[in-house]
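**Student:** Here the protein sequences come in this chain order: W and G. For the first sequence, our numbering gives the first residue as 138, with consecutive numbering after it. For the second sequence, our numbering gives the first residue as 25, with consecutive numbering after it.
Simulated from the structure, these hints should not be mistaken for laboratory data. Everything numeric in this text was worked out from a predicted model, so none of it was measured. Some clues are possibly wrong.
To be verified - Straight-line distance between alpha carbons at most 20 Å, and here's what the computed SDA-like set of lysine to any residue pairs gives:
| # | chain 1 | residue 1 | chain 2 | residue 2 |
| --- | --- | --- | --- | --- |
| 1 | G | K116 | W | Q323 |
| 2 | G | K102 | W | E319 |
| 3 | W | K259 | G | R212 |
| 4 | G | K102 | W | K308 |
| 5 | W | K308 | G | R191 |
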Amino acid sequence: MRVGLLFPDRDLDLAHPFPFGWEDVEHDLGLGDVYRAMAGEDGYLLEVVRKVLAQGLTSQAATVLHRQEAVREALERPDLVEALYTLAGETLAAKRRESYGLFRRDRPDLYGAIKAMEALLKGLRALLALLQRTPLTSPPFQALEARLEAVLTPAFFRQAEAHLEALRFPKGVWMAAGLSREGRSQGYTLLPPEERRAWWPFGKRPRTYVLTLHPRDEAGARILGEIREKGILEAAKALATAVEEVARFFESLRAEAGFLLGAARLAGRLKALGLPLAFPTPAEGLRLAFRGLYDVGLALRQGMAVGNDLEAHGRNPIFITGANRGRKTTFLRSPGLAQLFLQAGLFVGAERFESGLVDGLFTHFKREEDRALEAGKFEEELRRLDGLVAHLTSKPLFLFNESFAATSELEGSELGAQVVRVLVEAGVRVVFVTHFYTLAAAFLGDERTLFLKAERLPDGRRTYRLRPEPPEPTAYAQDLLRQVFGEEAG
Amino acid sequence: MEEGERGVPAHFQDLHLDELEAALFAPHGGMGLEAIFRRPLQDGKAVIHRQRVAQDLEAEPLAQAFRTFVRGMENMRKGLELAEGARHPWQKRLYFLLAVEAYLEALEGLWKGLLGHPPRSPGLQAYRAYLEAYRGSPDFLRLRADRERTRSALDGLRYVLHVHEGRLALRAYQGEPDYGRQVAEIFRPFFGESPPSWQGRDLPPGPWLNHVEAWILDHLALLFPEAFGRLEAFFQDHRGFADPALLRLEKEARFFLAYLDFIAPMREAGLPFVYPEVAHEPPFLAQEAFDLVLAAKLLFQGSLPVTNGFLFDEARILVVTGPNQGGKTTFARMVGQVYHLFALGLPVPGSRACLLLPDRILTHFEARENPEELRSKLEEDLRRLKTLLDGATDRSLLILNEPFASAALLDARLIGRFVLERIRARGSLGVVVTFLDELARLPGTRSLVAEVDPEDPARRTFRILERPADGKAYALALAEKYGLTYARLKARLGGGP
């Protein structure tokens, strides 16, 4: 049984490991604030949100579009996704109370499985009722309701409950067996509980031998218990498996509804700030264009954000040059976050956003390290890059922030240019923030390269907007010095 | 043959043949294969007879047939042990039936192997003819038919157990449906296409029945008297079913397989093995040989031993000198092992070998001991040497490893010359490891030296090369490395042109 709210063809798999370097991506893009807005203090929900965003990196367009439908419904009906999330959580808690770890022992616990299944059946009834009384509009939610209705018929509940009652074996267990080569019984088959004289209504009662244990024969009682367990093993296995399977369904429901709940909360926060939201367009290949794109993390932190516009179809690499403290990192983060959101089927913080889908996201940001490590810093950068390159996917997005700045401009630029060239030729989309003029200048004349610059007004003030503009040999440190030290620095 | 502790021949420990024996036969405990290993052949024809059997058993399809045979016979033995130990009469009979089944399966597999890959050695051809006759004998045919009938009767039993509150009921099965499947069916929509498989596994029970199982078995015999009647008749009619000649074949096959299995990974790693020619006149030689025990250890650690050769011609005494830890003792052991394995009719380490079948292998390996007992120690050594020399003939192999190491230099020289002279007089083959270079210059000897790397004298190559013993090249080279030769020291202290 599939939940299917997040994927058209399967359920969310939380066991899937994070892609290589994911913690760096989270840190570099400032995802912490986004997570807090989506998950609040809910540790489980935090994990779900992290997993879904990370797994989005391998999304196909069909998944993106499917999930956008579900997210739209969640934004319209935050109460519904919250109720689903709560119902799934409560049902699982009830199941765990009755039986934890049916699979942990060497043989299934039939009695625990019966109690657990009763709790799960109750959850299924409530879920069906909740979906049936809500006027669902999106295909993912409608399909879930239809799948449940097909299986959870009144007859199903009636039969399942009858079996649960019979499996308590009030009159003992009947089983068929054969003789093993060592003289034991083997090949047990559970037989239906026998009504009195059910099997010989017309013939004579077959010859039967009876062993009645002495009341103090504890070893014998234990052995009989083992024989009984072997007999009910198949039924117990089937039931325990069913319990785990239904529980897995509720686990998936909890995770998928949880993500949608997070999406609804994030949208609520951004709307409250008066910021625009848009469902982005997933494209193929070297496509990138946006209007009013802002850094969602920064907006959550500061309550405001400046939007940027860009059309960069067919352009790769993109260099962002210009003054220090020109918020260049934010220019790197906003498209990085938007790409992640796009691939995860979420809305983005923009008026419009279109981008080609990638299959991985890598960030290589300058680290503010301990000064004592100064000497090894360049080596650390190279080691980190080596690790990323070793795990590179076939068409990822690679964000560089002041990489190779731990060495001289000449050497850092030479190495950086070589790295960028190799990556671009390999089909990697590169966005590179650098204050090294020499590095960016190495790509002057290359038609596919796009150069962006943080805008500065004639009076020296910054607008935090990007403008296409070739690199210039001077940065704006002079400005900063003047600002900080006054005229004497000039 | 001189015997040491626990019936192990005296030279086994010196040559590490005791370790080899233990490693070879560990998987075949209780079969008494050690006795064969400790009894080298004295007749060249017997050696060739065994070599041909071993060659047959090396060819893979036949080797596999014999391995399967051996495993089957082992199962038979296990079954018989269980039948012997069982207290419950019906279980005893069931284990007996299992033993017979293992026996029949073992013979069937062997027969198929022999049919598909006829052996070429007279030894195995004789067994094949025997097995063919045996398989046609009335006793064997009856054994096979009876076991078939008995087993199918038992396999067909199906019965119903009802367990309820300290009460167990038993009756025949009458075709009732499988309820577990009905339960699984109702929850199938949640499993998807295929229900996940259950991981849990019961521990295998011990061999004996508990009292409830015994009760069930007893009453099954009452419920199904015909099947159990057959079992009883089978047990009574076929005691002592195993054929003695085939039991002997199993033991002999195990001996060869144990050795061939042991050397298989070495061969795979590229180490050569060869069936030596039986020679009566010199030269006696082996090429690219190695210490089998050391090779096994090195292979385990992922490396290979250095191979060495040896040659006896008019010079029948090999005098081995050179630096410590240079492989001299290993070389001496290797020579002894090669001769012993040859005398068992087995393939020996080496790419080519041509050997005299020795009447005995005599060894004297020095154990460096307490110097306070110097005098009595020397005396004891000499007594042992005398015993060895007294027993030696011109067909004996004598291996002496640092035999005079505890004596004063003057004594050692004297004794050394004397002993070598005696060996020469006897005409025995000798390998003498010694620190006395001059022994290598005596008539009738061949001088072998453990080599060091000319580039790095601290490194041993473990090659034992035919070379005059000077004992100095090594010391000089090492001094060079540390810059302590005359020229280097001169230069370091300044000056020189």
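**Student:** Now, for every hint given, state plainly whether the structure supports it.
**Tutor:** Hint check results:
Among the hinted pairs, K116/G with Q323/W is consistent with the structure: their alpha-carbon atoms are about 18 Å apart, no more than 20 Å. Taking the CA atoms of K102/G and E319/W, the gap is about 13 Å. The hint holds against a cut of 20 Å. Annotation: proposed proximity of K259/W to R212/G holds, straight-line Cα distance about 18 Å (limit 20 Å). Straight-line distance between C-alpha atoms of K102/G and K308/W comes to about 42 Å, which puts the hinted pair past the 20 Å bound.
With a C-alpha separation of about 11 Å, the suggested pair K308/W and R191/G falls inside the 20 Å cut-off, and the hint holds.
Comparing the model with each numbered hint stated earlier shows that hint 4 is the single one that does not hold.
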